[in-house]
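> Chains as they are written, first to last, in the working numbering: chain A, 104 to 189; chain B, 281 to 441.
Calculated from the structure, these hints are not laboratory results.
Among the clues, some could well be false.
[As the list claims (entries may be wrong)] DMTMM-like, lysine to aspartate or glutamate: derived pairs with alpha carbons at most 20 Å apart:
#1 A:116 - B:327
#2 B:325 - B:393
#3 A:116 - A:169
#4 B:358 - A:170
#5 A:116 - A:170
#6 B:325 - B:402
#7 A:172 - B:327
#8 B:358 - A:169
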Amino acid sequence: MSQTSDQGGVLLKLILFTAALAIAPLSSYFLSQQYLWNGNSTYAAITAIVAANAVFVAYIFVSLREERKLTRTTPKGDVKETKKTK
Amino acid sequence: MSTCPPYAPFFGFAGVASAMVFSTVGAAFGTSKAGIGIAGLGQFKPELIMKSLIPVVMSGIIAVYGLVVSVLIAGGLKPTDYSLYAGFIHLGAGLACGFTGLAAGYAIGFVGDSCVRAYVYESRVFVSMVLILIFGEVLGLYGLIVALIMNSRASGPVTCT
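Make a model of the complete structure from these sequences and hints.
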């Protein structure tokens, strides 16, 4: 059924974004503190915040593209039986 | 009255804990309140779920702000030669980040819930929802900036009398 396969793709994307939001800021904090800023922790914190917001902007782009793909593939005559049409 | 009393790290650790705890409370409130609206939207238009998860992601970022400030403050704590001045600075930084995260999560929750419900009927609500959510998010960012500025003044040579 196409609904469950759509849900599988969406779930994988969400899991990837959750992992990215958890891993990217912390790893960028410690790595940039050691290799980029010579131990300055304030700049490392700013780098971590920029990384977290980059993940967020990427999520917005992915969700917008997903919605555009969905409205293009479903033709106008195909009415899915949702709760409203039942 | 010494400059580096033995109970000074208490305030530093209290700052670490309050940054994490309060911003997480705000993020949890935002996630749950927006999730209620998304559950309502999902019944009618399940293809819009991924776009309507944006308030939840923003609440997650509020928690990340608290996490980063906690890690930042915890990196500056020392068992010896830790002045009461540094302890108070760390406490203030943690409280600044924590309570602003609480406020931001509160705003994101209410706005996310009602805007996501309105998005079922009117798709042009989406842009205004993202704008309002961004304004709510920068409240947490202001607290983070103040915490960063305060914490940068805590480091430096300390003379313990």
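> Within 20 Å, alpha carbon to alpha carbon, are residue 116 of chain A and residue 170 of chain A?
holds, 14 Å
> If you draw a straight line from the CA of residue 358 of chain B to the CA of residue 170 of chain A, is it 20 Å or shorter?
Distance of about 51 Å is beyond 20 Å: violated.
> Next pair to validate is residue 116 of chain A with residue 327 of chain B; report whether the Cα-Cα distance is within 20 Å.
holds, 14 Å
> Hey, residue 358 of chain B versus residue 169 of chain A, does the alpha-carbon distance stay inside 20 Å?
violated, 49 Å
> Within a Cα-Cα threshold of 20 Å, do residue 325 of chain B and residue 402 of chain B meet the stated pairing?
Holds: residue 325 of chain B and residue 402 of chain B sit about 12 Å apart, inside 20 Å.
> Please verify whether residue 116 of chain A and residue 169 of chain A have alpha carbons no more than 20 Å apart.
holds, 11 Å
> Check the hint pairing residue 325 of chain B with residue 393 of chain B against an upper bound of 20 Å on the C-alpha distance.
Roughly 15 Å between the alpha carbons, so the hint for residue 325 of chain B and residue 393 of chain B holds.
> Quickly compare the C-alpha distance for residue 172 of chain A and residue 327 of chain B to 20 Å and report which way the hint goes.
holds, 11 Å
Hint check: violations occur at hints 4 and 8; the rest are consistent with the structure.
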